[in-house]
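Peer 1: The chain contents come next:
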Amino acid sequence: MPHDHHDHDHLSPSGHPYRKDNDGALTYWQTMEIAIRELMVEKGELTPAQIQAQIDAMDDRSPANGAAVVARAWTDPDFKTRLLDNGSDAAREMGFDIGPMHLVAVENTADTHNLIVCTLCSCYPRNLLGLPPDWYKTREYRSRAVREPRAVLREFGVDLPANTTLRVHDSTADMRYIVLPARPDGTEDMTTEQLADLVTRDSMIGTGLPKAP
Amino acid sequence: MTLSPGTKVRIKTMSPLGHIRTPHYLRGKTGVVERVLGPFKNPEQLAYMVPAPTRTLYRVRFEMGHIWPDAEAPQDTLDAEIYEHWIDQDAP
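Listed in order, the protein sequences are those of chains A and B.
All residue numbers for the first sequence refer to full-length UniProt numbering, where the first residue is 1 and numbers rise by one.
All residue numbers for the second sequence refer to full-length UniProt numbering, where the first residue is 1 and numbers rise by one.
The set of hints was computed from the structure by calculation and includes no laboratory data.
Here a beta-carbon is modelled for each residue, glycine too, at the ideal position from N, C-alpha and C.
Watch out, some of these pointers could steer you wrong.
To be verified - A partial selection of chain B residues facing chain A, derived with a Cβ cut-off under 8 Å:
#1 22
#2 23
#3 39
#4 72
#5 73
#6 78
#7 81
#8 83
Input sequences plus hints: build the corresponding full structure.
Peer 2: Written out as structure tokens, the structure is:
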């Protein structure tokens, strides 16, 4: 029984572990952020509504944006060519506001698989995929994705054949990367919208594959 | 001079302090220019909000078996973005 943990006093009565409260003192930078934000509001440079709108805009970005790009590339060969040639322009062409982001799309084929990592920090195409998953920013993923990427992929459930070439892309500088996964078999009659539903976040990072139809 | 795709290059082994975008695991390694990304402001200055000159940024492709002698699949590759001042053009 998953909740039968009475002998563990570090678990709550509901059977789940307690999470440490974040009731320590504010850090220097947290204090600085609050002070500057309140000053900007007080001086009329920003309104609380503008700040909330920016937070909402960041939260609104989701992998659905990237999935729409992938599905379009699966159904429109000319768009796919443009996407692989200049990812930023192709994303803008679809109406996504990607700001100054430089996007590189890398294509999975019958004999090539691509995997994205940022070993130095957490570079991620947020404008197309939303906020990165927590594991993407961990030291473990960042180091192991370049050191033993095939083992990492197996842990994600992707067991690459020995004759598949794996290309790992370390986002070390100004580019952001999205994987263009291979279109699943048996999807010939699906619409672009239906195809987009098969495209998972992880399939665009390279740690997963699209869902089967 | 901008290097063409396919050019063999070696990453310098220097270890300056600061906001460096060249990962340690690639320093001293040999790879091939995969594509030219164009001029970008040098993050080593940009991060400190001092005037930053532009540098040509390249995507350089390395073989996993070269970076890690015990790599499970030596023919797999690793691509990273490397600024021109980290590329040793005389020592391919």
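Peer 1: Each of the hints needs a verdict: does it hold here or not?
Peer 2: Here is how each hint holds up against the structure:
no.	hint	result
1	22	holds (7 Å)
2	23	holds (5 Å)
3	39	violated (10 Å)
4	72	holds (5 Å)
5	73	holds (6 Å)
6	78	holds (5 Å)
7	81	holds (4 Å)
8	83	holds (7 Å)
Hint compliance for this structure: hint 3 is the single one not met.
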